[in-house]
Each structure stands twice: as C-alpha cells, then as structure tokens.
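K.L.:
First to last, the protein sequences are chains A and B.
Sequential numbering from 834 applies to the first sequence in our numbering.
Sequential numbering from 741 applies to the second sequence in our numbering.
Treat the hints as calculated values from the structure; they're not laboratory data.
Warning: the hint list may mix true and false statements.
[To be verified] Straight-line alpha carbon distances no greater than 27 angstroms define the calculated DSS-like cross-link-like pairs of lysine-lysine that follow:
id : chain 1 : residue 1 : chain 2 : residue 2
1  : B       : Lys811    : A       : Lys1260
2  : A       : Lys1081   : A       : Lys1120
3  : A       : Lys1218   : B       : Lys811
4  : B       : Lys811    : A       : Lys1261
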Amino acid sequence: MDLLSNLQLAFSVIFQTGNLFFCFIGVLIGTLVGVLPGLGPVATISLLLPSTFHITPVSAIIMLAGIYYGAMYGGSTTSILVNIPGEAASVVTCLDGYQMARQGRAGPALGISAFGSFIAGTIAVIIIMLIAPPVAYFALKFGPPEYFSLMFLGLTVLTYLASGSMIKALMMACVGIYLGTIGTDIISGLERFTYGSYTLMDGLGLVPVIMGLFGISEVLVNIEQSLKRDIYETKISHLLPNLEDWKKSILPIIRGTFIGFFLGTLPGGGAVIASFGAYAVEKRICKHPEKFGSGAIEGVASPESANNAASQGAFIPLLTLGIPANVVMAILLGALMIQGIKPGPLLIKNHPDLFWGVIGSMYIGNLMLLILNLPLIGIWVKILKIPYPILFPLILLFCLIGSYSLNNNVVEMMIMILFGIVGYLMKKFAYEGAPLILAFVLSPLFENALRQSLIMSHGSFMIFLTRPISFIFFIASIFLLFSPLIPGLKKRPTG
Amino acid sequence: MSSLVWLMFALYICIESMRLPLGSWRDPGPGFLPVGSGIILGLLSGIVYLRARGSKSPEVKESWYSTERWKNLILVLAALFAYAIFLETLGFLLGTLLLLIFLFRGIEPQRWIVSIGGSALASFISYVVFELWLKTQLPKGILGF
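Produce the entire structure from the sequences given, and follow the hints as far as they go.
P.N.:
Pasting the structure below:
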C-alpha cells in the first residue's frame, strides 16, 4: 500500500506543469549533448547548474537528471551513425552499432537502442522504488566511521576502474582531496590556501573546476587536430526492429538492465563500466562470440540498456546515503546542497516530494526520450553535421557564461580557464579527471567524517575496523588498493 | 616527467599545510587532511617517476603537442584570457561579439558573413537567454549594455 501511495505522490509531483516542462527540457538538452561529441553530460550539467538556482529544487533536480539519462540515449546515435561515441558510455556501442549501420541496418540499431534504453529505464525505476527506502533505513545506522569508509571505498573503486594507471588515478584523487580543502575550514574557521582571495574563501567552485577540466580542455584537445567527421550517409528506414531482432535482443536487454543497475549503484561505478560489463557478459555467454564486432544486434541492445539502467541506479547512493557514485552524481550533490537540501538517509523522509518526484520524472522522461528519439532521429543527424569550427566557439562561450554567472565573478572565469589548461595537460599525459572531481566533491564530507571519527575514537584508527559495516567497506577498499600487487589478479584491460 | 611536476606540487601542499595547525590524532586540525593528501601524492609521484626511469626500453617519444597546430591552442587561450580580463570594461554583448568573431575567423577561418552573422546571433541569443530569461546579471561595461 505504501508503495502505491508513494507512486501516487511521484506522479502528482511530476505532472505539475513546471516539473513536466523542466523534465522535457532536461531530456531534450541531454539528447542534444549526447549527440554532440565534445560536450558531455558532465560539462552540460555544470553549465546549467547556475540557471537552476532560480527554480524549485524538485524542478532543478528533475531537469539535471533528465540531462544525464537523456545523454545516454543521445550518445548511442553518434556511436551508431558515425562511429564516434557522443559520450563515454556509448563507446562500446560503436563496435556493433556502426557495423550494423554499414550493413544498412542503422534503423534497427537505433531502434533497438532506444527501446532497450526505455525498457531498462523502466525496470530501473521500479527497482529504485523497491530498494531505496530500505537502503535509506539501513543507512540511518551509519555514523562518521561508516561514512568515511564508504567514501574511501567509492574513491578506491573509481581508481581501480580507471582505464589507465591506477597510481595516476590515486594521485588525482589526492589532488582532488587537496583542492577540496581550499577555503574556510568549517570546524576551526581558519582559512586554508586562500592567499587573501575573496573568491577562494568559500572554496574552489565546483562549476569552474568541472567546466575547465571537462569542457575547455576537450575543446583545446580537439582544435589541435582537424576534425573531419564522416557521417554514414544512409537512408534510415525501418526504425522498428523486426521480430527476429526482438527475439535476439530481449534477453540481452534484460540482462544488461540488471548488470547495469547493479554496477551503477556501486560507488565509483557508473554508466561507462556498466556498458562495458554488459557487453563482455553477452559476448561470453553467446554461442557465437565471433559475431560480436561485426554487427550483432545483441552487442547494441545490451550495453545500451546497461548504461541507461546504470545512470538511474546511480541515484540510489546519492539519494539514500548522500554519497555520489560518479562525477555526474557529484555535481547533483552540489546542486542539492546549494539548494539547501542535504542528501542522505533522511532525504526520503524529509523531502518525499523531491525523492518520489525525481523517480516519477525518470519514468516520464524515459517515455519522452522514446518519443524524441525515434521520430526525431533525422533532426539529430542534422545536428551531427554541424562542423566543429562552428561548434567550438559556442561551447567555449557557454563555459565562459556558466562560470561567470555563478557568482558574477570574473575570477571564477580565470579559474575555469586555468583548469582548462590543467585538464588539457592531464589528457595529454593520461591522468584521468574523474577521480579528481569525485575526490574534490567528497573532500569536505570525507574530512568531516575522518575528523569526527578520530575525535570519537580518541585518535585510534581502529575505529574503522571495529565497527562491522565500516569494517566491510574498509577491507574491501584495502583489497582493491593492493589487488594489483597480488599475482594472478590482473586488472581487466577495459573499463 | 609529468610526475616530477606533481612531486613539486605535493611538496608545495605539504609546506603550505604545515603552516596550518595540524592538531593531534585525537583532534585533527585543519592542516591534517591536506598534509596527508600531500604526502601520499608525493609518494605516488615518486613511484611513477622511478618506474618511468626504470623502464628499460626508452620509447621514441612522440611530441605530446601537435607540431603544426599548437598555435591554435595559444590563440584560443589568449582569446579566453583577454575575454575574462576585458569583459567588465567592454560589457557582455560587445565582448562576446568580438570573442566569437575571433574564434570563428582566427582558428579555422569561416566566411566573413558566417563569422559576423553567427557571432551576432549567438551573442544576442545568449544575452536574451541568460540576461533576460534566467536573470543572470551579465556585465554591462562602459557602454551600458
């Protein structure tokens, strides 16, 4: 019964006109940035963050969430048609999707990825409804040591899954932690590393740092090489997959959904890992693994479902524990905090309209995406044809306005440009930005939990090992940290 | 060699954090976490450095920047900094118009009509969206708009 009344609440919130409108704007923008290479959901959400301060928290989160899962939809379009993933979670879709397009089957590939995403999104919403409240209840038992260990686990998982060197990823996490300590220390009131700058007193802004690292740096890398994209000129017809396609895809879609959802909820996990994981599983259990890579529809259906399910599963740790599972969730955490809402176990109880409204919006948003994607595919293809020399000045302009408008402060613009240069160098020397950002956002929470735990235990680090929940998280993190040293446990090359 | 830069950065963090009260294990102060992260960063970059030196096959390194198109990078960065410096004097509309014309023309030259028309349109639309609709207070500049 409880579930039904919650459902009712969810739909009453989403059907308020404002929310429906912002949900639509969110998924529309999301699809757009998913289609456009070079402007991912991370940069876009941070870009639009300042503009959400004027709307209600519920509308704001609904819109930002819409951008996130909308981008997962849009990303597949470019993977299939041009072999360029619109964002990282669609990389694996290129493998079989583009091959299908070359065989003249772009329509069914696009169709199955849209339907797969829709089915996955729908199942994911139902799972969230079922498991979020019990997880939040469980999390009420968490004290500072548990939070510390959980965040520690999140950071280690992210560095473990880093595509490059794990040491470099750990280094970036340290840099992120340090950057997060800039500003006024909450406990003692002392200023740290501000050098008398008023802008830095409140800490380094999330928006300029992210837009620099992910937006500006991307442009800088791209303008160094001439970007000529070949769009596969094919008439896209028969978007609806036929019965044969459905037969092949339905099980991969369902498996992809569950794998994706599970990997999405893990701290440090997310849509990218999910899509790779789902693809690997399909390839392993398929009777003809050699078909993969040459246009197998399963290779499109499964990862596309997985990345959508993951992007929704990622909301569980954010909304129930207050801990972001990935970078996008970290920005949403920032958005919630700016709106004066503290995400955590009490969120569902104190702000039921927010929690259930967001859940409801995902359902409706998925429906909107299905409608947006299938009939409007022609428009997205046209947008894909916008040449990069026209596109990049506009991306830069958005970043500049976004960083300025947060506090009407030119210094933040400078900070963004500087982080753009840092991000450019990081890309060149294979340092990843994601661990840095996650650590940066978690840093204040992390520090608080650490200091409170040590005060509780009179300075003993054993407190993280004597409490059972904390013990499990902590041991898991240590295992991951040292696993590369254990022979026979080699890191997977993908991920 | 990028690890050496990080090593220097780690040193900087440690030295600067030492000036803050470190507190004790029982009651960690504001310098506690920064020092910790600085030390770990330093150790890790040390490892990366030693590994890079220790690897026996000295690969022929490709230049990490594009030898032909690095000018684009400098031009764009200069334009961005100039925009940030002069924005409050020029005002949003004029500053943005100039920036966009430069970016359209200067990097991969578009036709003049595209450059000027596109810049004007983009400046105007962003002005309408951010200033008039979202009520962001964009800088007015000496000309008053």
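K.L.:
All hints, please: hold or fail.
P.N.:
Structure-based check of each hint:
1. Lys811(B) with Lys1260(A): Status holds; Cα separation ~18 angstroms.
2. Lys1081(A) with Lys1120(A): holds (12 angstroms)
3. Lys1218(A) with Lys811(B): holds (26 angstroms)
4. Lys811(B) with Lys1261(A): Holds, at roughly 17 angstroms.
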